[in-house]
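Chemist: The chain contents come next:
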Amino acid sequence: MSASPIQAMTFYRQREAQTIITSLRAAESILILGETGSGKSQVAQYVHNQLQKEGYLSVLVPQDVPKAQILSITSCLGIPDTNIEGGKLTLPQLQNEILITLEETTCFLIFDDAHRLTPLIRFWLERLYNQGQAMALFANSPPAEGIFLRLPRFTLKPLPPKAIKQIILETAQHLNCQLSNAQVSQMLAYCGGSPLLAQRVVKESYLEIEPEGPDHHQQIDITPFLVALLMLAGMIRIIGIGLNRVSLYLIGGLCLILVGVIRYLVYRLPKNNRRRLS
Amino acid sequence: MTGCTHIIFSATGACILLGTADPIVLSIAGIMGLLPDVDTSRSWSGQLLKPLSHYLEKHHTHRGCTHSLLASIVIAIASSPVILLNPQIYGAIVLGYTLGWFADCFTKTGVQGLYPSQVRLVCPGHPKYRLTTGSKAEYILMAVLITVLSLFIWINSGSGFIQSLNWILGSSFGAVEQYKQEGGQYLLIVHIKGRNVQTQQPVDGQFDIVQDLSANSLIVRQGDSFFVAGTQGNLNIEANSMRVVGKQPITFKVQKLDFQDKLISDILSNLPMNSYLTGEILIDGEVDSITTPVGQLSTIQAQNQGRVTKLTLISAINKDVLKLTKNSFGSGSIFVRNLQPHAAPP
Chain A
42 MSASPIQAMT FYRQREAQTI ITSLRAAESI LILGETGSGK SQVAQYVHNQ LQKEGYLSVL
102 VPQDVPKAQI LSITSCLGIP DTNIEGGKLT LPQLQNEILI TLEETTCFLI FDDAHRLTPL
162 IRFWLERLYN QGQAMALFAN SPPAEGIFLR LPRFTLKPLP PKAIKQIILE TAQHLNCQLS
222 NAQVSQMLAY CGGSPLLAQR VVKESYLEIE PEGPDHHQQI DITPFLVALL MLAGMIRIIG
282 IGLNRVSLYL IGGLCLILVG VIRYLVYRLP KNNRRRLS
Chain B
2 MTGCTHIIFS ATGACILLGT ADPIVLSIAG IMGLLPDVDT SRSWSGQLLK PLSHYLEKHH
62 THRGCTHSLL ASIVIAIASS PVILLNPQIY GAIVLGYTLG WFADCFTKTG VQGLYPSQVR
122 LVCPGHPKYR LTTGSKAEYI LMAVLITVLS LFIWINSGSG FIQSLNWILG SSFGAVEQYK
182 QEGGQYLLIV HIKGRNVQTQ QPVDGQFDIV QDLSANSLIV RQGDSFFVAG TQGNLNIEAN
242 SMRVVGKQPI TFKVQKLDFQ DKLISDILSN LPMNSYLTGE ILIDGEVDSI TTPVGQLSTI
302 QAQNQGRVTK LTLISAINKD VLKLTKNSFG SGSIFVRNLQ PHAAPP
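Here the protein sequences come in this chain order: A and B. First residue of the first sequence: 42, per the working numbering; consecutive thereafter. First residue of the second sequence: 2, per the working numbering; consecutive thereafter.
Hints in this document: simulated from the structure, not taken from any laboratory. Accuracy of the hints is not assured; some may be wrong.
Claimed, not checked - What the simulated footprint calls covered on chain B by chain A, stretch by stretch (three residues with Cβ under 8 Å from a Cβ of chain A suffice, anywhere in the stretch; the number is not a length):
id, region
1, 40-51
2, 102-113
3, 120-131
4, 170-177
5, 183-194
The beta carbon of each residue, even a glycine, is placed where N, CA and C say it ideally should be.
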């Protein structure tokens, strides 16, 4: 049993990966968006492996401090990190060296979790992009500016229930736990097309932990619609005035107050903070 | 959400929206509320329809396709022949099913209400405040729903929501509205609490409603005494509360009579003695003086106009008018209202 069975999972994003590879081969950069757990890292790894298999030079830049990220690229490109006098090159010097080398070398840069890149790296990526360097950035709601705004982009859609079900079964198999169809069907409701959540929910079941609530974004809060619908009861008041029926006028008024109270109470409830777990 | 909560939620919704207390209709709505959960073999409906529940949980998400508008539309179309037999039962089927899955919007995982879209509908937004099956919050909700259901069964088995509210408020406009609606079929008995404006005596008793005067006042009768009761206008009784407490089915007939220089007793004696007369009669000569006790409505008003006397009648009883106009000739135009009680009590 491994800590993260993700590598062993069947890959369900062949089509998206192929689009990225085709784009990179055509020297076009691309931005891939997807909520946490949608499988971006898996796709990035798959694209990197495929490009290497095809004989291309590809760098999957790790999530690290800027210097370590730049050094990972220089080491792949065979750029020495010292000058002729043996002194260590500074970060801007290393970035310049990469710019010069990539002018003559074909190499694909793949950045996972690109929304965490520092402005220093993002500005440098813009220079690379202007130079015609092909890169693939995987990000989760990045700022709508700079390199993120300039790149053609697509979003990783939630996986279909069939694929999520398969991931649940594979994870269960990996953990040596038996799941009934009823359990799988109930687990699917917590996943919302996210492979990460599919794995998590099986682990929770394995550890006999009651799932707290779905963390996926595939949900709509219908509270405002319900309140709006209830407020239509206020029309009774208008009808009451029109028909000179005091009872209807009274009921309409009572309904409006009731809806107002419900609305007040509902909106006093804390909002669901997706940035923090509660 | 447990099966019990589904049954009560759907029955309550059907009771409110269909305005019925019919146990068959509410039972059908409650049972239909269980049907969306056929997508899991752990539910009551899943246990009952095992092959279907096994198929659904093998191929679909829990609270998925069966918990959607699409499923409601399918149910509405499939059960459409029922509308010919009983529209209320058809309403209970469709409404019960829809409310059955809608109730699950308040659970942790929500429902795929817009199936085939995978988006789940939830309420409220924070999962912490949504229901977990079998939790304390669910039992509290169940208790609230049972209370609401009982209240609406009581309301619907009576005269409906509006009249029940008017009864609780004891408002004069409520009594007037009820008279306008039911005065043609029933003799309404109203319990009035208040005071007599002229005599300052407290009033607490039952009266028959004779007719409405305005949106807030009625002419009522207790024996042979007539009063204007209400909250606004020229009143005999200023009412603090007016509640319709009883009704007797009647046959209601109205006819108009126009006559010129006729012996009035010939005309009125052909009418039922208890019928109400409203209108004007001009009588040749004078009539006996009319005395009405203080604090009561004078239903017959006489005005001497030289050689003739003008009688203005407001729901005056035929026998009283006949007594006053015997052997008199006159002309007039009157409306005769005859309220004939049915043989059987309501």
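Chemist: For each hint, tell me whether it holds in the structure or not.
Modeler: Hint by hint, here is what the structure shows:
With 4 residues carrying a beta carbon less than 8 Å from a beta carbon of chain A, the region 40-51 of chain B meets the three-residue requirement, and the given coverage holds. As drawn, the region 102-113 of chain B meets chain A at 4 residues by the rule of a beta-carbon pair under 8 Å; at three or more, the given contact holds. Proximity of the region 120-131 of chain B to chain A, defined as three or more residues with a beta carbon under 8 Å from a beta carbon of that chain, is established by the 12 residues found. For the region 170-177 of chain B, the assignment as covered by chain A holds, since 4 residues bring a beta-carbon within under 8 Å of that chain's beta-carbons and 3 suffice.
For the region 183-194 of chain B, the stated coverage by chain A is not satisfied: 0 residues place a CB nearer than 8 Å to a CB of that chain, which falls below the threshold of 3.
In summary, the structure is inconsistent with hint 5 from the numbered list given earlier, while agreeing with all the others.
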